[in-house]
Amino acid sequence: MLNDDPPPARNSSDQRLDASSRAQKPTTDKPSRSFFTIPPPVKRIFDKFPLVTYAENELPSRAPKERGKHVLHIFTSEEDARKGRPSFNPACVKWQAYMKFNGIDVSVVPSSNHASPSGALPFLLPAVAASAKDPVPSNKLRKWVLSQKGAEKAQESEDIRYEAYASLLDTRIRKAWLFQLYLNPANNALLQRLYIAPCSSNPFVRMTIAYQLRQAAETELVKSSASDRLVEDDIMRDAEGAFEALATLLGEDEWFFGQEQPGLFDASVFAYTHLLLDDGMPWQENKLAEMARRHGSLVRHQERIAMLYF
Amino acid sequence: MQLFVLGPAFGLPSIDAGCNAAIALLQLRRGDEAWQLIPTANDQLHLPLLVDGDKQFAGFANISRHVADGDGDGHGREALDQKQCADLTAACAFLEANAQTLLDISLYVSYENYSATRSAFTQVLPWYANYMLPPKRRGAARARTEHLGISSIDVDNVHEDMSNRPPGYDGVGKEQQGFEVEAQKRASLLLPRKDTLRSLLQRPERVATFKLHALAENFFAPLQDMLGEKSYLVGSEMTRVDCLAYGYLSLMLYPKMPQDWLASTMRRKYRKLVEYTERIHTELRLQTRVEDVLSMSACTTEADVVGRRKACDMALPWSSPAASTLFDVTKTTIRELLVHVPGLRTSAQIVAAKPFKPSFWQTYFPALLGVTVTTIGVSLYYAFHTGTLIWPHGEAVHIFGRKRFSDYGHLGAALAGISLLSQQTTGDAAFHEQEVSVTPLNVDITVEGDKGP
Chain A
1 MLNDDPPPAR NSSDQRLDAS SRAQKPTTDK PSRSFFTIPP PVKRIFDKFP LVTYAENELP
61 SRAPKERGKH VLHIFTSEED ARKGRPSFNP ACVKWQAYMK FNGIDVSVVP SSNHASPSGA
121 LPFLLPAVAA SAKDPVPSNK LRKWVLSQKG AEKAQESEDI RYEAYASLLD TRIRKAWLFQ
181 LYLNPANNAL LQRLYIAPCS SNPFVRMTIA YQLRQAAETE LVKSSASDRL VEDDIMRDAE
241 GAFEALATLL GEDEWFFGQE QPGLFDASVF AYTHLLLDDG MPWQENKLAE MARRHGSLVR
301 HQERIAMLYF
Chain B
1 MQLFVLGPAF GLPSIDAGCN AAIALLQLRR GDEAWQLIPT ANDQLHLPLL VDGDKQFAGF
61 ANISRHVADG DGDGHGREAL DQKQCADLTA ACAFLEANAQ TLLDISLYVS YENYSATRSA
121 FTQVLPWYAN YMLPPKRRGA ARARTEHLGI SSIDVDNVHE DMSNRPPGYD GVGKEQQGFE
181 VEAQKRASLL LPRKDTLRSL LQRPERVATF KLHALAENFF APLQDMLGEK SYLVGSEMTR
241 VDCLAYGYLS LMLYPKMPQD WLASTMRRKY RKLVEYTERI HTELRLQTRV EDVLSMSACT
301 TEADVVGRRK ACDMALPWSS PAASTLFDVT KTTIRELLVH VPGLRTSAQI VAAKPFKPSF
361 WQTYFPALLG VTVTTIGVSL YYAFHTGTLI WPHGEAVHIF GRKRFSDYGH LGAALAGISL
421 LSQQTTGDAA FHEQEVSVTP LNVDITVEGD KGP
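Chains A and B are the protein sequences, given in the same order. The first sequence begins at 1 in full-length UniProt numbering and counts up one residue at a time. The second sequence begins at 1 in full-length UniProt numbering and counts up one residue at a time.
Incorrect hints may have been included.
Stated by the list, open to error - FRET-style restraints, in silico, Cβ to Cβ: (1) P366(B) / E285(A): 19 to 27 Å; (2) R214(A) / R30(B): 34 to 42 Å; (3) K272(B) / E260(A): 27 to 35 Å; (4) D52(B) / E260(A): 45 to 53 Å; (5) K140(A) / Q36(B): 51 to 59 Å; (6) R214(A) / R285(B): 25 to 33 Å; (7) D279(A) / K256(B): 35 to 43 Å; (8) K272(B) / G119(A): 37 to 45 Å; (9) Q215(A) / N130(B): 25 to 33 Å; (10) E283(B) / G258(A): 48 to 56 Å.
To be verified - Below, simulated SDA-like cross-link-like pairs (lysine to any residue); rule was C-alpha separation at most 25 Å, straight line: (11) K223(A) / L338(B); (12) K287(A) / L338(B); (13) K55(B) / Y54(A); (14) K354(B) / R237(A); (15) K287(A) / V351(B); (16) K287(A) / Q82(B); (17) K357(B) / P126(A).
FYI, nobody ran anything at the bench for these hints, they're computed from the structure. Even for Gly, the Cβ is constructed at its ideal location relative to N, Cα and C.
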């Protein structure tokens, strides 16, 4: 908002210039003075204004500096954002990785759900120079990435099994992730550190947020499993089968579906495997990582992306 | 081996997709062996439920795992290589993720279709369960499809906006003036309100239709691609994923619904899937007549059951329905009632692999907080009530400039008596209330009168 307003100083000097040129005209060209011209004594007084012109105000220090760049809002810490490291939320990592695969340069900003227009992170604020200025919510990010001019278009696989394997990630592995992070009391400390501590330092507020997060995860799991009984063994066994299927699908290829370049599917797999296998996350109980480690190809896939792009 | 399922409907062995899938699987794998199919209305059992000896398996995934284990090697009689196993897992996940949404909308969310579903339930459920199970399933279905925003096909929503009602909808009972009607007719002849393509497409029911068709396409198209020219989804023989697909597809295809967008889309554009479903339906002989199954409840002995199965020419080993005791009925009813009490919503039951013992504070904090607050509240009330504590009322308020009777000394006291008397004589309650505002006037008059003598 601030930089859109024209600075007051320039404005008034322009006016003064106009006034003086207008004032000169009648004296030289037309000696007969019209009723509307300003009488010279009055004009002389007003010509003295403004007496002082102050310098322009600086922008507030927290105003965004690099508006020439696209800004991706994700769950992360200040330090990780500066280093460009992956977020701790799978959905955010997925899009972060996908942007990097497509060679789109974005700067990363730590944010919260309340900042997002759709209520969910990640979302992207396009650069000022870009044609579309509206924030891009996460469900439209793919379309946005493909519409970017400089992007190296990563071809998505046309494989008929694509949808089926994608639903493995979206249901089975996601459910196991939700259970492991939110509903497993052993990982309470991690949940506190990632999602609750940055919100507030008040113990009562923290307790409420923890309760709400757990309830939300529970509702999500109950909804997707269509039963109000959540059995950890079943969820984990489903996830184990999913990892096995993904490892078989990848085989000895470099990227999924035998692509030349990593695509959205690789990003989605990386989002989970990286957060499970990376040492940056202090898991107390991490059954999913044990399952993923059994499949060397998945581990190599994760290491390859982490090395090449992060 | 006993399989507990929800009762039959629409000519299918069960009204629930998971139950249908489990029945198809057992029919495929254990068709010749001894197993019993027991219709039940108790949904606390997490149907479909397979009871084998002393072990119980709830849900299609567990049942299929158990059945495969019983067949010897890990994948049962399914001779599949590793790649096909992976495909099978992925296809199962795809079905579970997408098909349930479509079934929810088709059978439960849309009100017209729900009335058809409910009458199917009425046939197989005992009377009390009719008030609990179908609404509960509908509630769950609506919760699952809420994010899609397709409430506009749902006509029983009272709070729906009225802007899209047909003309004259709100004019019921309103007398229209003859002249106005005539004028309107002429005006509409002069300026006809033409429906443009855009305005036609933007009507809510059309928007919902587009959404529904997109959802259906997103499910059917990949599935048909996976099926390709093969007879079955994975490999050359029928596997558990085909049973699961049958569970969902049969409930999309066979029920006759008032709004049959799902079945009609399937019949029109996905012939292969229709053939595939019908093929499994006939191969496994899953056609079920609801009346036959209901008549099994009259059977008491084992020989009776077998005889009736023969008489009705049943392919599935139906048995007499699970008897529910009065205790069960009461328990279910009370639980159902409690769920609807606001503030008493029970959270999901979580069965963790490692039993977790929460710390003292975590377990008892809400109870302790409640007890503390209640104790403080009750004791404060008691203390004020008995007068042990006195509510702080401070000094009496004095407003400067306002004349009171006591300001006039003895005279004032006398006057107060007089004015009190006069109030009593008028006996006006309203006057009594307005004492404060009236008093100064009273004082003025009487003071002057008193000065004379």
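Hints and how they fare:
{"no.": "1", "hint": "P366(B) / E285(A): 19 to 27 Å", "verdict": "holds (25 Å)"}
{"no.": "2", "hint": "R214(A) / R30(B): 34 to 42 Å", "verdict": "holds (41 Å)"}
{"no.": "3", "hint": "K272(B) / E260(A): 27 to 35 Å", "verdict": "holds (32 Å)"}
{"no.": "4", "hint": "D52(B) / E260(A): 45 to 53 Å", "verdict": "holds (50 Å)"}
{"no.": "5", "hint": "K140(A) / Q36(B): 51 to 59 Å", "verdict": "holds (52 Å)"}
{"no.": "6", "hint": "R214(A) / R285(B): 25 to 33 Å", "verdict": "violated (47 Å)"}
{"no.": "7", "hint": "D279(A) / K256(B): 35 to 43 Å", "verdict": "violated (58 Å)"}
{"no.": "8", "hint": "K272(B) / G119(A): 37 to 45 Å", "verdict": "holds (40 Å)"}
{"no.": "9", "hint": "Q215(A) / N130(B): 25 to 33 Å", "verdict": "holds (31 Å)"}
{"no.": "10", "hint": "E283(B) / G258(A): 48 to 56 Å", "verdict": "violated (36 Å)"}
{"no.": "11", "hint": "K223(A) / L338(B)", "verdict": "holds (20 Å)"}
{"no.": "12", "hint": "K287(A) / L338(B)", "verdict": "violated (36 Å)"}
{"no.": "13", "hint": "K55(B) / Y54(A)", "verdict": "violated (85 Å)"}
{"no.": "14", "hint": "K354(B) / R237(A)", "verdict": "holds (15 Å)"}
{"no.": "15", "hint": "K287(A) / V351(B)", "verdict": "holds (16 Å)"}
{"no.": "16", "hint": "K287(A) / Q82(B)", "verdict": "holds (23 Å)"}
{"no.": "17", "hint": "K357(B) / P126(A)", "verdict": "violated (48 Å)"}
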